[in-house]
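Place chain B on chain A using the hints.
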Amino acid sequence: MRNNFQELERQEMEQRSVPAKIKNGVDAQVGFFQFVGSLFELYLPKMVDLFVNKMSNDSDTAPNKAQKRYPNK
Amino acid sequence: MLKLMFINLLNPLMTSGVKSALTDDEVIAKYLETSDSKYYSILYDRYSTKVFSKCISLLKSESLAEDAAQDIFIKILMNLSKFSGKSKFSTWIYSITYNYCIDMIRRKKKDPSLLVDNIADTHDAAEDVDEKFLLEVNISRLKIILEDIPVADKSILLMKYQDSLSIKEIGGILDKSESAIKMKIKRAKLKFKKSYYLKFKD
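In order, the protein sequences belong to chains A and B.
The first sequence begins at 1 in this note's numbering and counts up one residue at a time.
The second sequence begins at 1001 in this note's numbering and counts up one residue at a time.
Next up, chain A with everything else stripped away, as it sits in the complex:
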């Protein structure tokens, strides 16, 4: 059985309907976060691969200090 506090809450909840814009706002934010999450999920591994490849290529092709100083060595 409800006490008077709970009955007051029930009456207030009956009188008020939750505006649709709250749900729309939450949905838009959730959608945005999921979209950004999907972008990261899709592209982050590729970007990391690209970065790693680039770094390894750079270190393979770049002449080291000794080669720079004594090119005939």
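Honestly, the hints are just simulated from the structure, not real lab data.
Please read all numbers here as calculations on a predicted model, not as lab measurements.
All residues carry an ideal CB built from backbone N, CA and C; glycine is no exception.
Be a bit skeptical, because a hint or two may be false.
Quick list of the computed label-pair ranges, beta carbon to beta carbon [as the list claims (entries may be wrong)]:
| # | chain 1 | residue 1 | chain 2 | residue 2 | range |
| --- | --- | --- | --- | --- | --- |
| 1 | B | Ser1081 | A | Glu7 | 32 to 40 Å |
| 2 | B | Lys1186 | A | Val36 | 46 to 54 Å |
| 3 | A | Glu41 | B | Asn1138 | 53 to 61 Å |
| 4 | A | Ala20 | B | Asn1099 | 22 to 30 Å |
| 5 | B | Lys1168 | A | Lys46 | 44 to 52 Å |
| 6 | A | Gly37 | B | Ile1144 | 46 to 54 Å |
| 7 | A | Phe33 | B | Leu1022 | 37 to 45 Å |
| 8 | B | Phe1133 | A | Phe32 | 46 to 54 Å |
| 9 | B | Lys1186 | A | Glu14 | 26 to 34 Å |
| 10 | A | Val48 | B | Lys1186 | 58 to 66 Å |
| 11 | B | Ile1144 | A | Phe32 | 39 to 47 Å |
Straight-line C-alpha distance at most 25 Å; calculated PhoX-like pairs for lysine-lysine [to be verified]:
| # | chain 1 | residue 1 | chain 2 | residue 2 |
| --- | --- | --- | --- | --- |
| 12 | B | Lys1176 | B | Lys1193 |
| 13 | A | Lys21 | B | Lys1050 |
| 14 | B | Lys1060 | B | Lys1038 |
| 15 | B | Lys1108 | B | Lys1132 |
| 16 | B | Lys1108 | B | Lys1075 |
| 17 | B | Lys1132 | B | Lys1143 |
| 18 | B | Lys1199 | B | Lys1154 |
| 19 | A | Lys21 | B | Lys1075 |
| 20 | B | Lys1154 | B | Lys1109 |
| 21 | B | Lys1082 | B | Lys1154 |
| 22 | A | Lys21 | B | Lys1038 |
| 23 | B | Lys1060 | A | Lys21 |
| 24 | B | Lys1199 | A | Lys21 |
| 25 | B | Lys1088 | B | Lys1182 |
| 26 | B | Lys1182 | B | Lys1193 |
Now the stretches of chain B that chain A is said to cover, found in silico as 3 or more residues with beta-carbon under 8 Å [to be verified]:
| # | stretch |
| --- | --- |
| 27 | 1036 to 1044 |
| 28 | 1055 to 1067 |
| 29 | 1097 to 1109 |
| 30 | 1176 to 1185 |
For chain B alone, coordinates are given in the frame of chain A:
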């Protein structure tokens, strides 16, 4: 890519209004497992009216309550993985709601319409107000008195008598010891009674 974007944006709209026989804990587990927004919509449908109603009651402004309710639900979603299941999900949601609203009021403390305290703060906590007195006040008077007392006292009375939270749970929400909560309730009841006599007893 565009397809993925549209699916993500439309999915919540397509699944709104979904009813489920699953318990809150089961819905949360499913949501965390699948990230499917239909599970979040179930939780939203279950608690949005109550959260919104509490926000209006505490903030006394419908537009502020709309912003607060939206932020609270986003907060709930973002922290859903942190819900440990030690307390009931409803208690966890109320703790976020009360803390958010109290913080919002603190931030806007200079706005007199938010912190209405028409009764002088009392240091006389010796007098204990009978619970029966609070629970027998009729609803229209109860509403008037709850609007009259400070929001901190109102929220603690709502936690105890409306949400039926235990002293321990209230202590967890407000980050206070059980004895401090007991004292706060005692003072809130006293302010309630004083307000009642000021308004309705000549």
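Checked against the structure, which of the hints given earlier come out wrong?
7, 14, 15, 21, 24, 29, 30
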